[in-house]
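S.K.: Each chain, written out:
Protein chains: 2
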Amino acid sequence: MLDYDHLSALAAVVRTGSFEKAAQQLGVTPSAVSQRLKLLEERIGAALVVRGQPNVATPAGARLCRHAEDVGLLERALRADLGELGLAAQPTTIRIAVNADSLATWFVEAMAATEGVLYDLVLDDQDHSADWLRRGEVAAAVTASTGSVQGCGSRPLGALRYVATASPEFMRRWFADGVDEAALRAAPCLRFNQKDELQARWIRNLIDRTVATPTHWLPASQAFVDGALAGLGWGMNPEPLVRHHLASGHLVLLAISPLDVSLNWQWSRAVEAALADVTRAVTATARRFLVQ
Amino acid sequence: MLDYDHLSALAAVVRTGSFEKAAQQLGVTPSAVSQRLKLLEERIGAALVVRGQPNVATPAGARLCRHAEDVGLLERALRADLGELGLAAQPTTIRIAVNADSLATWFVEAMAATEGVLYDLVLDDQDHSADWLRRGEVAAAVTASTGSVQGCGSRPLGALRYVATASPEFMRRWFADGVDEAALRAAPCLRFNQKDELQARWIRNLIDRTVATPTHWLPASQAFVDGALAGLGWGMNPEPLVRHHLASGHLVLLAISPLDVSLNWQWSRAVEAALADVTRAVTATARRFLVQ
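Chains as they are written, first to last, in this note's numbering: chain A, 1 to 292; chain B, 1001 to 1292.
I should point out that these hints are in silico values taken from the structure, not numbers from a laboratory.
Hints are supplied without guarantee of correctness; some may be wrong.
As the list claims (entries may be wrong) - Subject to a maximum C-alpha distance of 27 Å in a straight line, what follows is the list of computed DSS-like cross-link-like pairs (lysine-lysine):
(1) Lys-38(A) x Lys-1195(B)
(2) Lys-1195(B) x Lys-195(A)
(3) Lys-1038(B) x Lys-38(A)
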């Protein structure tokens, strides 16, 4: 079997980006970290880390980090079964891919409902988060993908409801004559990033055609809401994030029709038992926030 | 001189990632976009876009996009001077690098205070946003760097104040006997990403040593606040973002001492005149939110 002290050194270097910080985390010297990593690279027969600032995993290194995390999760399940028999309870770090709007609305609450877990979140669009799972770089993901990933389980979470919103002043200025093609072509629109198709999909649902809009690129969920409130543009905001702004009249709907994005929880079956608590917290919390 | 219709095609492909969407934006066919890009690549003598999903700029392509944007900004200044003389007022897109916490606290308000500008924001840590300017990939940046970038102007904006916060319950559980080294070593800490050194710096200021903390990695400003509120961990939050939570008692300070991060506005002198409105809005808004 592999030397798991060596693997821990690799994982710490990749997580912190630096030999010094990895050493601190492990309570050893940087040269011990460097030595362990070198031995592991010799054993594997490949470079595992591209040295630099920060130090970054090679594909082989990333695969080994994922393995170290999986073993950590299996030890967590083992500890639960053995009732702490001689195994010190160290919190396990779980890497999860989640879309920004889930993190902004309900995912933190799910995280807070678990004990003894440390989270390492990567953000990606819900249409792309399954790729992280497919590449073996995360243990689980919140995805919009319905396709199954090899070796992974999947459970529907419900739909995150998006509503097209803008400030009342923005509506008066740009949509005084209604939300039609000419107005949409002129009114500034917010877009999270290249992967964000929600505004375009909503327009197609509404007027059955594609419209090129003047666009602000605003890659943060709360800034998206703030941008609508400040009259910068209109955008598709998660309903839980703007509910009170709609109630108070600081935001208004462009049109009644919402856009529901169905989300799934997908996880690696190799660590299914160890993820049981997290899966339970995620599905229970999602039930309260998402449209079933 | 270069053919600016060709340059616009390149910029649209890189911005949208797709030939189809670039075509929509420009009101031409995808094959026209493809043709223009090919002609430009022949003229430059290098590939400008790596074809794929999405289409991504090569280094030469990125440099040309930046040039197209600079020319757009110069035309904006020209239009202002000529008083619309025969130049249709098209909104110019300006690419700016900004740190997530500025975007979460004050930057949207600065954006909303300008007219006729579309923003394309890239997020990076305040210690790294100047690199975007140095590489010529943005026209301006909010940075913590004091070093000047060649060909760029710089103006101090004031400091964003960070406070170490946690929920009252979290404090009782982890810091009942005070915020000392042993407690910090055990209590889960929030960290934005590898580049985020604020928690480590604050600990060093407080107890004059480095402590390895159990860490949640949480790469979103509002989720950072939500994580503290939910008792997931303690973290350095921007004071404007948690002021009302501190007032209401939903968050408490770990210790009085804040951490001030000085920010600068840095911009490319080549487009200084065209950025004048934006610079004015940014500096005026920063004055109201940052510690002077």
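S.K.: All hints are to be evaluated individually against the structure, with a verdict given for each.
M.R.: Each hint, compared with the structure:
1. At most 27 Å may separate the alpha-carbon atoms for a hinted pair to count; Lys-38(A) and Lys-1195(B) meet this at roughly 25 Å.
2. For the proposed pair Lys-1195(B) and Lys-195(A), the alpha carbon gap of about 24 Å is at most 27 Å, so the pair holds.
3. Distance hint between Lys-1038(B) and Lys-38(A) is unfulfilled; the C-alpha atoms sit about 47 Å from each other, more than 27 Å.
The earlier numbered hint that this structure contradicts is number 3, and it is the only one.
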